[in-house]
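Asks: One letter stands for each residue in the lines below.
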Amino acid sequence: DAKTTQPNSMESNEEEPVHLPCNHSTISGTDYIHWYRQLPSQGPEYVIHGLTSNVNNRMASLAIAEDRKSSTLILHRATLRDAAVYYCILSNEGGSSNTGKLIFGQGTTLQVKP
Amino acid sequence: KAGVTQTPRYLIKTRGQQVTLSCSPISGHRSVSWYQQTPGQGLQFLFEYFSETQRNKGNFPGRFSGRQFSNSRSEMNVSTLELGDSALYLCASSSGYRAGYTFGSGTRLTVV
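As given, the protein sequences belong to chains Y and W, one line each in that order.
Going left to right, the first sequence walks through residues 1 to 114 as the numbering used here numbers them.
Going left to right, the second sequence walks through residues 115 to 226 as the numbering used here numbers them.
Hints were generated in silico from the structure; no laboratory data involved.
Note that the structure is predicted; figures quoted are calculated from it, not measured.
Be careful, since some hints might not be right.
A partial selection of chain Y residues facing chain W, derived with a Cβ cut-off under 8 Å [as the list claims (entries may be wrong)]:
{"#": "1", "residue": "Tyr32"}
{"#": "2", "residue": "His34"}
{"#": "3", "residue": "Gln42"}
{"#": "4", "residue": "Tyr46"}
{"#": "5", "residue": "Gly100"}
{"#": "6", "residue": "Leu102"}
{"#": "7", "residue": "Ile103"}
{"#": "8", "residue": "Gln106"}
Far from chain W by the CB rule (all over 10 Å, computed), these chain Y residues [unchecked claim]:
{"#": "9", "residue": "Ser9"}
{"#": "10", "residue": "Thr26"}
{"#": "11", "residue": "His76"}
{"#": "12", "residue": "Asp82"}
Keeping only pairs whose Cα atoms sit at most 25 Å apart, straight-line, the calculated SDA-like set for lysine to any residue is [unchecked claim]:
{"#": "13", "chain 1": "W", "residue 1": "Lys171", "chain 2": "Y", "residue 2": "Ile103"}
{"#": "14", "chain 1": "Y", "residue 1": "Lys3", "chain 2": "W", "residue 2": "Gln158"}
{"#": "15", "chain 1": "Y", "residue 1": "Lys69", "chain 2": "Y", "residue 2": "Pro7"}
{"#": "16", "chain 1": "W", "residue 1": "Lys127", "chain 2": "W", "residue 2": "Leu195"}
{"#": "17", "chain 1": "Y", "residue 1": "Lys69", "chain 2": "Y", "residue 2": "Gly29"}
{"#": "18", "chain 1": "W", "residue 1": "Lys171", "chain 2": "Y", "residue 2": "Asn92"}
{"#": "19", "chain 1": "W", "residue 1": "Lys127", "chain 2": "W", "residue 2": "Glu189"}
{"#": "20", "chain 1": "Y", "residue 1": "Lys3", "chain 2": "Y", "residue 2": "Glu45"}
{"#": "21", "chain 1": "W", "residue 1": "Lys171", "chain 2": "W", "residue 2": "Arg181"}
{"#": "22", "chain 1": "W", "residue 1": "Lys171", "chain 2": "W", "residue 2": "Arg123"}
{"#": "23", "chain 1": "Y", "residue 1": "Lys69", "chain 2": "W", "residue 2": "Gly214"}
{"#": "24", "chain 1": "Y", "residue 1": "Lys3", "chain 2": "W", "residue 2": "Leu202"}
{"#": "25", "chain 1": "Y", "residue 1": "Lys69", "chain 2": "W", "residue 2": "Gln158"}
{"#": "26", "chain 1": "W", "residue 1": "Lys171", "chain 2": "Y", "residue 2": "His49"}
{"#": "27", "chain 1": "W", "residue 1": "Lys171", "chain 2": "Y", "residue 2": "Gly29"}
{"#": "28", "chain 1": "W", "residue 1": "Lys171", "chain 2": "Y", "residue 2": "Gly105"}
{"#": "29", "chain 1": "W", "residue 1": "Lys171", "chain 2": "Y", "residue 2": "Asp31"}
{"#": "30", "chain 1": "W", "residue 1": "Lys171", "chain 2": "Y", "residue 2": "Phe104"}
{"#": "31", "chain 1": "W", "residue 1": "Lys127", "chain 2": "W", "residue 2": "Pro153"}
{"#": "32", "chain 1": "Y", "residue 1": "Lys3", "chain 2": "W", "residue 2": "Arg169"}
{"#": "33", "chain 1": "W", "residue 1": "Lys127", "chain 2": "W", "residue 2": "Arg181"}
{"#": "34", "chain 1": "W", "residue 1": "Lys171", "chain 2": "W", "residue 2": "His143"}
{"#": "35", "chain 1": "Y", "residue 1": "Lys69", "chain 2": "Y", "residue 2": "Thr52"}
{"#": "36", "chain 1": "Y", "residue 1": "Lys3", "chain 2": "W", "residue 2": "Gly172"}
{"#": "37", "chain 1": "W", "residue 1": "Lys171", "chain 2": "W", "residue 2": "Gly156"}
{"#": "38", "chain 1": "Y", "residue 1": "Lys113", "chain 2": "Y", "residue 2": "Arg81"}
{"#": "39", "chain 1": "W", "residue 1": "Lys127", "chain 2": "W", "residue 2": "Arg187"}
{"#": "40", "chain 1": "Y", "residue 1": "Lys3", "chain 2": "W", "residue 2": "Thr216"}
For every residue, glycine included, the Cβ atom is placed at its ideal position computed from N, Cα and C.
Work out the full structure, taking the sequences as your base and the hints as a guide.
Replies: Here it is in structure tokens:
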């Protein structure tokens, strides 16, 4: 299973942009890059995902390096409600061992200061 | 639309008992996955069902089992409970891995 590396923790000030990095040097050509976040006492929440091109949605932007060995989740204006653990995950359904499976690492704990 | 619903939210069981947890996926989602979350091991994949068939299984003992019904609702069962089975059990549904997964709020199981 392809692995991702994220910093254990990051801090941000409220209403400032946040860039959460993720390294995935062993990514394969068919791996999708997913980001989820988990707020305290809740299940993980889907944030965004992409394959090769940068992606934007109402929650965040995903910037994918040209060689796909790294990506960055961008929260444009952090709020206190964005304080959570952010997981960067590679997802690939090629082969039965990958089907329906997300491999979570330890993630990045984001603290947002008022 | 309704999200993924897991019942019950909290459960306390005694060692040696068995437990059944339920998950109702988002309408139209045919894939349901289950995860165990503990402070020490984080989120670990248990198994995934699609159209009533188990397609993938994580590295858990045979005491952990599941099934999926024709309406895509899923249950997981843990037999002969051990103290170490205390965890948050999460299920997620999807219409396909490219679409992402939607998680429920989980069932908090405490084994005493």
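Asks: If a hint holds in the structure, say so; if it does not, say that too.
Replies: Verification of the supplied hints:
no. : hint                 : in the structure
1   : Tyr32                : holds, 7 Å
2   : His34                : holds, 7 Å
3   : Gln42                : holds, 6 Å
4   : Tyr46                : holds, 4 Å
5   : Gly100               : holds, 3 Å
6   : Leu102               : holds, 7 Å
7   : Ile103               : holds, 7 Å
8   : Gln106               : holds, 6 Å
9   : Ser9                 : holds, 15 Å
10  : Thr26                : holds, 19 Å
11  : His76                : holds, 20 Å
12  : Asp82                : holds, 18 Å
13  : W:Lys171 to Y:Ile103 : holds, 13 Å
14  : Y:Lys3 to W:Gln158   : holds, 14 Å
15  : Y:Lys69 to Y:Pro7    : holds, 16 Å
16  : W:Lys127 to W:Leu195 : holds, 8 Å
17  : Y:Lys69 to Y:Gly29   : holds, 11 Å
18  : W:Lys171 to Y:Asn92  : holds, 15 Å
19  : W:Lys127 to W:Glu189 : holds, 17 Å
20  : Y:Lys3 to Y:Glu45    : holds, 20 Å
21  : W:Lys171 to W:Arg181 : holds, 12 Å
22  : W:Lys171 to W:Arg123 : holds, 24 Å
23  : Y:Lys69 to W:Gly214  : holds, 20 Å
24  : Y:Lys3 to W:Leu202   : holds, 23 Å
25  : Y:Lys69 to W:Gln158  : holds, 24 Å
26  : W:Lys171 to Y:His49  : holds, 24 Å
27  : W:Lys171 to Y:Gly29  : holds, 24 Å
28  : W:Lys171 to Y:Gly105 : holds, 18 Å
29  : W:Lys171 to Y:Asp31  : holds, 19 Å
30  : W:Lys171 to Y:Phe104 : holds, 15 Å
31  : W:Lys127 to W:Pro153 : holds, 19 Å
32  : Y:Lys3 to W:Arg169   : holds, 22 Å
33  : W:Lys127 to W:Arg181 : holds, 21 Å
34  : W:Lys171 to W:His143 : holds, 19 Å
35  : Y:Lys69 to Y:Thr52   : holds, 11 Å
36  : Y:Lys3 to W:Gly172   : holds, 16 Å
37  : W:Lys171 to W:Gly156 : holds, 17 Å
38  : Y:Lys113 to Y:Arg81  : holds, 11 Å
39  : W:Lys127 to W:Arg187 : holds, 23 Å
40  : Y:Lys3 to W:Thr216   : holds, 22 Å
Of the numbered hints stated above, none is contradicted by the structure.
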